[in-house]
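Peer 1: Okay, here's what each chain looks like letter by letter:
There are 2 protein chains.
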Amino acid sequence: MAMKIQRYKHDAEVSYTLGATLTFELIKCASGRITRVFVSPEARDEGGIHELIEKCRQLRIPIIESEKAFNILSPKGNCFVIAEFRKEAGTIRQGNHLVFVNPSDAGNLGTILRTATGFGLTDIAIIRPAVDFYDPRVIRATMGAAFHVNVEYFDSIETYRERFPDNRLYAFMLQASRPLPEVVQSKEEPFSLVFGNEATGLPDIYAELCSAVIIKHSRDIDSLNLPMAAGIAMYEFTKEQWNRE
Amino acid sequence: MAMKIQRYKHDAEVSYTLGATLTFELIKCASGRITRVFVSPEARDEGGIHELIEKCRQLRIPIIESEKAFNILSPKGNCFVIAEFRKEAGTIRQGNHLVFVNPSDAGNLGTILRTATGFGLTDIAIIRPAVDFYDPRVIRATMGAAFHVNVEYFDSIETYRERFPDNRLYAFMLQASRPLPEVVQSKEEPFSLVFGNEATGLPDIYAELCSAVIIKHSRDIDSLNLPMAAGIAMYEFTKEQWNRE
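So the sequence lines, in the order shown, correspond to chains W and L.
Start counting the first sequence at 15; every next residue gets the next number (the numbering used here).
Start counting the second sequence at 15; every next residue gets the next number (the numbering used here).
Chain W with its partners taken away, still in its complex shape (with noise of 0.2 angstroms):
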């Protein structure tokens, strides 16, 4: 019994893995969740696909030979292994956060997820609405570090600071009068530290709710982007634990 192959979709119960080297982060760190795995005609030995092939028959999981997952999956082409695999809805831990309100570019919240894992910032709430975690150019754009993370949805900021009273939140936005390196100094843990949308950033309550701070630079740009400001935040709040030994 063959389960159809569509394109992804954000109610799906699976998502995809396009290209080689995520799959192989997916098998290192969860294999389990593994549907089956398609391979291109076309793929050549490039990327260990042998070797990736080799590793399925060991876990048992199936293998699929098809073009046709390829045009559905990747219709620009360039990738010849996609994972099919199991979403799963993130519970995030207590201590040290990233929360990002209304996220909506899937590239940059990979980037961030990314940059995050990193810095070992991996319980990360998303406040709705908000770019879906599992929408595979998000998966891809993240190298692998998607398998690494934490994701956890919420429906409003309320929702996340009732299930975590204790954390003191950071929030990052321009009309923030404290600056960043003051800030960290007298840093109390677990925090979260919060961003705003790309265009938007945080509605100016997020003063009262949060601790504002702000990354200054000259005015000659609006602002930085947010991967760049989250990823710049993070080395800030966590760089002692990196550089302790």
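For the record, the hints were derived by calculation from the structure and aren't laboratory data.
Incorrect hints may have been included.
Reference listing, derived: stretches of chain W covered by chain L, where coverage requires no fewer than 3 residues with Cβ under 8 angstroms from a Cβ of chain L [claimed, not checked]:
#1 190 to 197
#2 241 to 248
Below are the EDC-like pairs computed for lysine to aspartate or glutamate, each with C-alpha atoms no more than 16 angstroms apart in a straight line [to be verified]:
#3 W:LYS42 with L:ASP236
#4 L:LYS42 with W:ASP234
#5 W:LYS101 with W:ASP149
#6 L:LYS230 with W:GLU254
#7 W:LYS230 with W:GLU196
#8 W:LYS42 with W:GLU56
#9 W:LYS90 with W:GLU56
#10 L:LYS42 with W:GLU196
#11 L:LYS253 with L:ASP180
#12 W:LYS42 with L:ASP234
#13 W:LYS201 with W:GLU254
#14 L:LYS201 with L:ASP180
#15 L:LYS101 with L:ASP146
#16 L:LYS253 with W:ASP149
#17 W:LYS82 with W:ASP119
#18 W:LYS253 with W:GLU203
#19 W:LYS230 with L:GLU254
#20 W:LYS253 with L:ASP146
Reference listing, derived: stretches of chain W covered by chain L, where coverage requires no fewer than 3 residues with Cβ under 8 angstroms from a Cβ of chain L [what the hints assert, rightly or not]:
#21 49 to 60
#22 205 to 218
Just so it is clear, CB atoms sit at the ideal spot from N, CA and C, and this is done for glycine as well.
Fit chain L to the supplied structure of chain W, relying on the hints for placement.
Peer 2: Quick look at chain L alone, frame taken from chain W:
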């Protein structure tokens, strides 16, 4: 005598701003370099196109209403104004620099230049072979910052060092042992922050030519992406200046 409209080429004398926001920034920073402005017959007043046309008239910049330019220069559409402008070979000044060795991605270079403008590091050396700064995809990804930076190409790091023998070079590499927060505490000016290619990083020889620096992160990612590493480095090396007041 109408000049032909051609797809952008590396050896052309002109480049293009795809979009109204970019074109506004070009008018503000370097209107004298604009040779003509194309306006799509489909343009409505979104993005203040009437205001832009009015400015061009005041500045006696030729305005051409034509669909053809858009089919050639922006075939994917979603753009209603394009300015054609003269390219200028940049010359960087004495002072702090960024140095990019063989950067290859247009979007990355654009993001980097935007961040560099934000942190006031506007003199940028690029070591060939490298992506073309005047590629309209780079210009677009800077979101206007392209017109605030001086970008100069060099054939080798040696040529660059001969011109700027007093600059202290800091090379960002995964093989380094000294972490960024430590290096910054004893930084010397004028400094040059040196970054390698997206995929391959800096050759080992840079550890001898420069002070090698690492931005420490978890082993769950191979590396930070290039714009992120560069942005974090720029933030650390300039934050005193931005937070002085």
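Peer 1: All hints are to be evaluated individually against the structure, with a verdict given for each.
Peer 2: Hints, verified against the model:
{"no.": "1", "hint": "190 to 197", "verdict": "holds (count 4)"}
{"no.": "2", "hint": "241 to 248", "verdict": "holds (count 4)"}
{"no.": "3", "hint": "W:LYS42 with L:ASP236", "verdict": "15 angstroms, holds"}
{"no.": "4", "hint": "L:LYS42 with W:ASP234", "verdict": "11 angstroms, holds"}
{"no.": "5", "hint": "W:LYS101 with W:ASP149", "verdict": "10 angstroms, holds"}
{"no.": "6", "hint": "L:LYS230 with W:GLU254", "verdict": "10 angstroms, holds"}
{"no.": "7", "hint": "W:LYS230 with W:GLU196", "verdict": "11 angstroms, holds"}
{"no.": "8", "hint": "W:LYS42 with W:GLU56", "verdict": "25 angstroms, violated"}
{"no.": "9", "hint": "W:LYS90 with W:GLU56", "verdict": "14 angstroms, holds"}
{"no.": "10", "hint": "L:LYS42 with W:GLU196", "verdict": "34 angstroms, violated"}
{"no.": "11", "hint": "L:LYS253 with L:ASP180", "verdict": "22 angstroms, violated"}
{"no.": "12", "hint": "W:LYS42 with L:ASP234", "verdict": "11 angstroms, holds"}
{"no.": "13", "hint": "W:LYS201 with W:GLU254", "verdict": "12 angstroms, holds"}
{"no.": "14", "hint": "L:LYS201 with L:ASP180", "verdict": "14 angstroms, holds"}
{"no.": "15", "hint": "L:LYS101 with L:ASP146", "verdict": "11 angstroms, holds"}
{"no.": "16", "hint": "L:LYS253 with W:ASP149", "verdict": "36 angstroms, violated"}
{"no.": "17", "hint": "W:LYS82 with W:ASP119", "verdict": "28 angstroms, violated"}
{"no.": "18", "hint": "W:LYS253 with W:GLU203", "verdict": "14 angstroms, holds"}
{"no.": "19", "hint": "W:LYS230 with L:GLU254", "verdict": "10 angstroms, holds"}
{"no.": "20", "hint": "W:LYS253 with L:ASP146", "verdict": "34 angstroms, violated"}
{"no.": "21", "hint": "49 to 60", "verdict": "violated (count 0)"}
{"no.": "22", "hint": "205 to 218", "verdict": "violated (count 0)"}
Checked against the numbered hints given earlier, the structure breaks hints 8, 10, 11, 16, 17, 20, 21, 22 and satisfies all the rest.
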